[in-house]
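Visitor: Below, each chain spelled out in residue letters.
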Amino acid sequence: MVRGRPVRVVSLYAEAPDYRPTGSPARDGFEGIASLDDAARAAVVYLREYEATGDTVIRDEAVRLLRFVTAMEQGDGEFVNFIDSAGRLNRDAPSSRQSMSYWAARSIWALGEAARVLGPQDSTVLKSMRPVLSRAVSRMAEEIDAGRLIGGSTTATSEALLGLLAAQRADTANALVPLATRTARLLAAHSEGDNKTAPWGAYVDRASAPWHAWGARSPEALAIAGSTLGHSEFTASARKEADGLWGRFLLAGGIPSAVAPNGTATWYPQIAYGIGPIVEGYLALAEVTGQRRYAVFAGLAAGWFLGNNPAGVSMYDEKTGRTFDGIDGPSPVKVNRNSGAESTIEALLAIQKATSNPDAAEYLHYRPVGNQSPLLANVPERREYTGPGGSRLVLRRGPAGVEIARDDQSVGNNEVAARDAAAGSDKPSTPITLTYWPAANPVETSVANRLASQWNQEHPDVQVRVQPLPAGRSSEEVLLAAIVAKATPDVSSNVSSALLARLVRAGGVVRLDNRVATSARLRERTNSAMLASLRLPDGGIYAFPWKTNPMMLMYNVDLFKAAGIGPPRTQSELVQAWHKLARDTDGDGRLDHWAMWATLKTTWYERFYDFYPLYLASSGGRTLVNNGKIVFDNEAAVAALDVLRRGFAEGVLPRSNFALGRDPFADGTVAMKIIGPWFVKELTDIKIPSLHYDVAPVPGADGTDPANRYAFADLRSIAIFSTTRYPDAAASFVAYLTSPAADRMLIEEASQLPYRRRLATDPRFTVSLSKWPTLSTYANYVERSRDLDLDPDVVEIFDLLSEAYEESAIYQTTSVKDALAKAAREARNIVNAR
Amino acid sequence: MPSVTFEHVTKRFGDATVIEDFDLQVADGELLVLVGGSGSGKSTILRMLAGLETVTSGRIRIDDRDVTDLAPRDRDVAMVFQDYGLYPHMTVRDNLSLGLRLRKIPRHEIERRVTWAASMLGLEPLLDRKPKALSGGQRQRVAMGRAMVREPKVFLFDEPLSNLDAGLRAQMRIEIGSLQDRLKTTTVYVTHDQVEAMTLGDRIVVLADGRIQQIGRPIELYRTPVNRFVAGFIGTPAMNFIEGTLVADGGRMFFSAEAARLKMRAGTAESSEPITLGIRPEDLRMDFIPQQPTHGSADFDTLTGRVVLVERLGGTSHVHFQVGPHRLMASVASDSLPEVGHDITAHVPAARVHLFGGDGRAIGRTAEIV
Amino acid sequence: MRAEQKTASLMAGPYAAFLLVFAVYPIAFALVLVFLQWDLVTAPTFAGADNIRLLVHDGRFWRAVVNTFVFLSIHVPLQIVTALALALTLNRQLVGRSFWRAAFFLPVVISGAVVAILWSQLYATDVGLINRLLLKIGVSPVPWLTDPRTAMPAIAVMVTWKNVGFYVIIYLAGLQYIPRSCQEAIEIEGASAWQRFRYLTLPSLLPQTILVVTLSTINGFQLFIEPYVMTGGGPLRRTYSVVLYLYNNAFAYQKMGYAATIGVALALIIGIVVLAQRRLIGKAEAL
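Chains as they are written, first to last, in this note's numbering: chain L, 1 to 834; chain C, 1001 to 1370; chain P, 2001 to 2287.
Be aware that a few hints might be false.
To be verified - Some but not every residue of chain C turned toward chain P, in silico, with C-beta under 10 Å: (1) 1074; (2) 1077; (3) 1083; (4) 1090.
Just so you know, these hints were derived from the structure itself, not from any lab.
Here a beta-carbon is modelled for each residue, glycine too, at the ideal position from N, C-alpha and C.
Assemble the whole structure, with the sequences as input and the hints as a guide.
Guide: Structure representation (structure tokens):
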């Protein structure tokens, strides 16, 4: 308990062999048992884990830690660091005094991340944090504007900067931008040396101070500052240390713990706190510059945790999450098996990020070949690394720092290396070819071609050949034919869920969550809630969820204004809107303009545009069939059919199938349409300048909770067929197809949405989404949507529902309840007959 | 009153004139035969009478009623076709009765007529058969029966026996003849067979190229053909023809051709045109001189030649012999026949000789038949 | 004779192989499928008589059969009447006769899907040509394809239009075979044009009519492309034909075994119907 509130703390230390949590020993002056320093960084770890998985237990842990953080603030933006076992603050120790120092900087970092991750949803939790953050920020500004690094440390300043940037990304109403810019500018001035002169661009607290591995966060902070604030000079500053100093580490084959201003390296003790920031710095640069090599370097560096260190011991224990403190040495090389909070936290931060990056993830197990260079001034021009399976990676010095001279892996190409090794050859021989089938429409085919040619340039050993499906055929048919003929490609996108269920049962597709590249991408792109409905009974993910198109209610803004109404929020309002918008404009006594067109066609997939979205808007996430049990005979389905029935019975829904080649929404004949985001591109292509439209959520039945509305989204996945000879290479390609850059292309060219977590608020996609009207609104429903059930008879069930729709809604020959009951009964018969 | 009258009837198909200015009267109850080769226009005339062809100009009357513009069904005629025209999907009884049923004749009357026609033609056992179960002759009789029950004003026969074999044809000829005697209905009968014409017709009209060559009783056409065409058409076997000229010699007219010189009848007029001499094979009388060598010298009233072919036909035989360049035939009794290669002498009775001028017209016909 | 036999086998060989692969094998495979369950992707499983039992109790299947009979009851008579009428008209010496004959035959050779799309447009309730013409004469628009009562008849009319050229040819050939003498005889006998038709032409065309009935029945049972393109089987499943149900089972629900069962059942039904037709007509002929 601190100041009357229950908080969570993190024990400072844990001694081997029993790892009981202990407090600060006498050596350090009995600081206390737990520190804000650690708690703040732990909070960042938890927040990022919650972001990745959506696990609310983890979120609650983070919130408790954050309460501790806020409890340690003294009301003026300054913080105290340590507490004792009774929860009393240690205000005396220099490492604990109330101040704007390291622990304050880390608190800003934690609070900033909290604002970003917890976002608009958890406003109650943030209410208590925001004032603390703003006070701390103001206090920080005092230091920065005086030209002082926080705590006199580049580390602390960069961590505080990270907090500012995180908070700013969450809330772009930007009180923080100017301060962040000034902070970055101040930080950038602390780089010493250059490519040729020691210490080769290192960020140091003062010109005469040594560079410490621990907390070398400046490149990470500056890189992110450069992209978030739009100042590319900050990114260039970040690269100074990354390309200069760190490049020498790579060529030397090891990471020292300190570097003197004249370039002399101190190699021991190596601590986790020293490796982590380098990994994260490289990853940030990879994302900001788009250069893959940085991701590779991050993987190499992160390998320290997994055994790529002088002791050859894995420092990170996967089962417990503990990381050893470090390696003392040089000889004998001794592992310090104690596991302090710092080590574990830093390790977790780095590993979290590295395993979420497909490129980095593949190099975690590479080791340098040959002896480590003792002198950084005298590193070789080339350094070779070998990976599992014998694949080789060769780095060499280049104009931009360190470049990749040769890469057997070519991301995921263990198979080529194995083949070459088996053939006894030393050089990569003929490249392997993967065949890729994109969707059958021209836009997606052109996106596929662009991505494939970019990939082909970067991966000479693995060439991808795009084979577009014949236009006008559904990919279902073509894939089915290919499956029967055993002529499937390596990779195919646009695989529907219905087909997927069968494919998995037949063992026709490769499992993806246990392959390095795709599992890393899954971690980066989605959280576990998003993957839950895609997991098969064995827990595996067998197709990569690529894009999703949630259905929303698109409406004609002008027509609504003229009718004096806003977009309907409930089904009653929907019917009212139908009445208001149905008009007879040519005076022949018959209505010719309508509010909405509910198709009279009974083909099963037509229900995607009427019944199913209306049903999902009220069913609170319930779909049609779950694990072989029919679950759609409920009030939501009755309501969905009934509202349609009312429309037809009251004569406000048109009884026609509008002629081909003419979209009634586009020409103003109907004012509303339930449709997905791909339609935005179609509308834009038709070029109707007078058409102003917007989207709103599909209305639910009266009395249902708007917060519990789900959209129907036809999820399309990318699958790797098990006939492929190169599953790892294919997995890497799939990870490439779903990278942020590829997803941006998908949005910008096809107006469709990638299946990404927090798409609506992820700043990497704001610009792309804003290229099309309404797409940002659509993005809100990416995670609040339901796809078709993965049931083999789902098509037939939709057919039964179409019949019910016809009978009860259009022609009203039976009551809604009876029609639905009949459909449910017949559906149960079908399912039970299996 | 004549039963059928053709007045200046002309028929054109497009630019081709098939019948030109045809005049004819058929007496009531008469069996008139139209005979000629193919393309002579005989069928066209019949069909114009039936109403199956239109008349380009002229009038046709039946019993003084102008039927030229009437449809066939209103002309009160009945037709028997070459291929019978029986309705294949109906029984004989229905075939016979259809026309009456169409005209709404009362049922008992239909019964009566059908029974009457059937008995007359021997069709009683066949009444319930379909045409495909009948022989050719039976079918022809049904066709006739069908015409009979109508009790029309005129019967029209369009080469009805052409599809039958020779024996049947002979038999049917007799039947048609006897039928005609009994019914006494005016009949117009078209055939290309001059034997039918000669045996059946009360009068015969010989047609060629749409024009009447000669009308008359059979014996008239036989004895006094008015032109070479009729002469050659009527009579079996056909008349012999020799081309030559008339030459006067010592007050007598001679017919002169290569290897032939014949004395003509007294009163034969002089003529400078080329002349065709015709003599029927049955009018030639034969002498043979098996031993005497011959040199084809012409003799008055005789032609001398060498036998080239002898056709033995039972009672009569045809002897083909060569007189110079002329190939002739004599029809003689089969009692004593020459051999091929023998020489023979044929006597040409001047009274039976026919002479035709350059235009084919018979000349020198002032004297009576001898 | 041996050599002749060998030549004969060689000549017949290619086509026999073709038949074997494309006719005999699929039929045999279909018969086997009746006893299996297979979704094209996973391995087939043995199903015993399940498919057959399901079919017997399958309301949707029998409704499709009823629909098909409704279709036939409109289509076949209409086909006979229109084909015959057209054949009689085209048998005369009309101006541009060859043109008209070709024109009527053209729909037969055009792809069924194209014709179906065209007629969907014609039948469209609001913008279709047919309703617009009706409007001009004061008739309010008929929802041809979306009213359960008119949908199947509309399709029947369309299919009749499409195939009429084929049957016109058959009838035209038949008309040539009526002997001219019969036609002239009946004219002389006193028949009016109608009587000529009734007593001579129509009975003479009985073999052709039998052919038209048989062919259009067999064809009608295989009705597929029109409901598939134009109505999707609606409205209220009134145009849901047997083959459409087969197609959906095979390619939408991916139940190949059941689809094969439907196919075999359809073949049996066609066989029975055609046999019954022959019997009836045979009796009529004998009369």
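Visitor: Does each hint fit the structure? Answer for all of them.
Guide: Outcome of the hint check:
no. : hint : verdict
1   : 1074 : holds (8 Å)
2   : 1077 : holds (6 Å)
3   : 1083 : holds (5 Å)
4   : 1090 : holds (8 Å)
Violation of the numbered hints given earlier is absent; every hint is satisfied by the structure.
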